[in-house]
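Protein sequence lines correspond, in order, to chains Y and R.
Each residue of the first sequence is one higher than the one before, counting from 1 in our numbering.
Each residue of the second sequence is one higher than the one before, counting from 1 in our numbering.
Hints should not be assumed to be uniformly reliable.
No more than 30 Å apart at the CA atoms, straight line, and that leaves these computed lysine-lysine pairs for DSSO-like [what the hints assert, rightly or not]: (1) Lys-111(R) x Lys-125(R); (2) Lys-73(Y) x Lys-41(R); (3) Lys-7(Y) x Lys-160(Y); (4) Lys-125(R) x Lys-41(R); (5) Lys-35(Y) x Lys-41(R); (6) Lys-111(R) x Lys-130(Y); (7) Lys-41(R) x Lys-74(R); (8) Lys-160(Y) x Lys-130(Y); (9) Lys-169(R) x Lys-42(Y); (10) Lys-54(R) x Lys-42(Y); (11) Lys-26(R) x Lys-125(R); (12) Lys-23(R) x Lys-73(Y); (13) Lys-382(Y) x Lys-35(Y); (14) Lys-74(R) x Lys-54(R); (15) Lys-73(Y) x Lys-185(R); (16) Lys-185(R) x Lys-54(R); (17) Lys-42(Y) x Lys-41(R); (18) Lys-54(R) x Lys-35(Y); (19) Lys-9(Y) x Lys-42(Y); (20) Lys-73(Y) x Lys-26(R); (21) Lys-9(Y) x Lys-356(Y); (22) Lys-169(R) x Lys-76(R); (23) Lys-41(R) x Lys-54(R); (24) Lys-185(R) x Lys-169(R).
If you are wondering where the hints come from, they were derived from the structure by calculation, not from laboratory data.
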Amino acid sequence: MVIRSGKFKANAREALADPQLQRAMSNVGVGFVQKRRMAMDKLPEFDALRDQARDIKNHTFQYLDLYYEEYEKKVREAGGHVHFAPTDGDARDIILDICRNAGAHSVTKGKSMIAEEIAINDHLEENGIKPIETDLGEYIIQLRGEAPSHIIAPAIHLNKDQVEASFREAHTGLDENRNLDEPESLVAEARSMLREAFLNADVGITGANFLIAETGTSVIVTNEGNGDLTQSLPRVHIVITSLEKMVPTLEDATAILRVLARTATGQEMAVYNTFSTGPRREGDPDGPEEYHVVVLDNGRSSMIGTEFQDMLRCIRCGACMNHCPVYQSVGGHAYGWVYPGPMGSVLSPSLIGVDKAGHLPNASTFCGRCEAVCPMRIPLPKMMRHWREREFERHLSPFSVRSGLGFWKFFATRPRLYNFTAAVAMPVLAALAGAKGYLKALPLATGWTHYRNLPAPEGRTFQQQWRDHLAGVDE
Amino acid sequence: MTIEDERREQVLGTVRRSLGNMKSDKARRAIVRGRLENHPKGEIPARAQVNHFKQVDLFVEMAGAVDASVDRVKTKADILDAVTEFLRSRNLPQSLIHGDDAYFADLPWGKHKTLEHRRGPAAAKDLVSLAKAHSGVAETGTLMMASGADNPVTLNFLPDVSIVVLETKDITGDYETAWDRLREKFGEREMPRTLNMVTGPSRTADIEQTLLLGAHGPRSVHIIIVGR
Ligand code: SF4
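Input sequences plus hints: build the corresponding full structure.
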């Protein structure tokens, strides 16, 4: 996937002017948000479960090397293979090797964001192997040659009539006059088209929401059942996942599952939580004969012990983007790479570099809703601020932003001068604003005043009022 | 060192360096082993911490809420009556596929001559499957299905209609108790090849967030609960 994160501003402007996209995005704020609220209200323990989910992940990272040793041992005992991939390129090589050894012509795929991260589809195709997406949303965007715009609802940027048009174009050989007005008929058509693909595939690739050290198990969470057909029917099952997915025990996995679906879709539990351990056993009449787990690092191991470690707790529920006013208005494609919304703004710079994705942390109003809804209690706004600081230090901001902030920093780090200047400046700004009481433009802050007016200061500075407050002179 | 070993060392080596000043490996290992062996239980929702009769009722309620249909029969001898009646009510052919589970072997098939049944994994043409659940979890109306020759995994996904038999004695309040039951059967730190937690029939909301049943898996899940 071509990285277009550096063009966030231009992408966003385009998105805002796209009526089809705006119509589709109007579903996000209502659907997901309400459903989450209702699920929350049904479970009084929810906040305690969030604390627990956070603690499980924090504990696991502290012992991650050892949990991997235990995990590998159990996978091997069960007859499976674990492959570590330091980079996305390594992961592509490993997967292509396994497919070649299996003599694969066609590969079915369950939904996996890691597969998007390593752009495995393009790589397989370039090497003569046909990848077929089987999650309905992924299938639709594959037909359209698009990237997912949401981590759990990849086709959320589309309307029904666009899906219908894509199906009519791709599914030639069906009755041209068939009725595809209802979403039901679209789902039924995709179901029947994909049945054959499931049965003919040589390799099935799925993601994993969890790896379990206790038993050497990988877990997928789905609603459609496509992931299960993908991993049960072909001769080879490849799991592509990433380093941070480890949890110690079955209890730990279900503890986190208690918060995952509720926050993601408002379901109490996803329809299918599938725990896979090794290839088929002696006497098993079905299931894959080979089982491979590819664990992608791609920069994650270096996040441990830094101010970005908390981001590794992310379970890809999508709640932060569902509740984000910026995401709701511009959709996922504007973010220009695999991970959109607040979680993407924090994660993408770690994975592809601050030079390519350093603008993303600016795509925030700092309203704090993402952190408020995150089931893993990830301090997203704080980490976006860390990235902004880094981007600033690397002098990657446009000159005017830097000089404005530098100017402010000069004063902010000299409290006496700051207080003095602010006290002098306030009456000046008030005078400039005149009777209207607000300023239409502020030097060095036009990006801000372009969209809103700055209320002119009235009376004394905050510092002055705070001093009085501390002295007990409350007015 | 093979290239696979080098990659492994690169990843786990960076993890260890990032962790920085660590306690001795021995102390860390003891903590990890302890957690894996004791698999401590955490916060469990109060919802299902009720007596067993109420847990069974809660299971029925929760399974219904996720669009599974539920039937209750007194004894094992009643299962096939319930199955044929269900197929008739849905206008489905009297034909199904099931696994080698000994539990099914001594059902009174002879009394239901019109009911065709095949044994083995599911194939594309199979419309209806019959499988036995290892556990049912009341908290969310979730079935736990363990794969094997007795209950092949494809039975849960290929056919349009999935009929699942669940004994009341196998119903637990929470997932934690179900994991303990699974360990009793398969052993500590062991799992069947596939363990499916199934909560209702397959669904999707990928088109304009409209929820529709029957995406790729079964369009309906019918649970027959056996016993009081
Ligand atoms: S950051 Fe939190 S809310 Fe966002 S996807 Fe990850 S877990 Fe969900």
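Does the structure keep Lys-111(R) and Lys-125(R) at a Cα separation of 30 Å or less?
This hinted pair holds, its Cα atoms lying about 26 Å apart.
Between Lys-73(Y) and Lys-41(R), is the straight-line Cα distance small enough, at 30 Å or below?
At roughly 24 Å apart (the allowed maximum being 30 Å), Lys-41(R) and Lys-73(Y) satisfy the hint.
Does the alpha-carbon distance linking Lys-169(R) and Lys-42(Y) stay inside the 30 Å limit?
OK: Lys-169(R) and Lys-42(Y) at ~27 Å, within 30 Å.
Holds or violated: Lys-54(R) with Lys-35(Y), Cα cutoff 30 Å?
holds (27 Å)
Within 30 Å, alpha carbon to alpha carbon, are Lys-382(Y) and Lys-35(Y)?
holds (27 Å)
Measure nothing beyond the straight line between the CA atoms of Lys-9(Y) and Lys-356(Y); if it is 30 Å or shorter, mark the hint as holding.
holds (13 Å)
30 Å limit on alpha-carbon distance, applied to hinted pair Lys-7(Y) and Lys-160(Y):
Between Lys-7(Y) and Lys-160(Y) the Cα gap is close to 29 Å, so the pair holds against 30 Å.
Under the criterion that the straight-line Cα-Cα distance not exceed 30 Å, is the pair Lys-185(R), Lys-169(R) satisfied?
Given that 30 Å is the threshold and the Cα spacing comes to 15 Å, the pair holds.
Pair hint Lys-73(Y) and Lys-185(R), alpha-carbon separation not exceeding 30 Å:
Holds, at roughly 21 Å.
Please verify whether Lys-73(Y) and Lys-26(R) have alpha carbons no more than 30 Å apart.
holds (18 Å)
Compare the distance between the alpha carbons of Lys-169(R) and Lys-76(R) with 30 Å, and conclude whether the hinted pair is satisfied.
holds (13 Å)
For a C-alpha distance cap of 30 Å, please report whether Lys-54(R) and Lys-42(Y) respect it.
holds (18 Å)
In summary, the numbered hints that this structure violates are 4, 6, 7, 11, 19.
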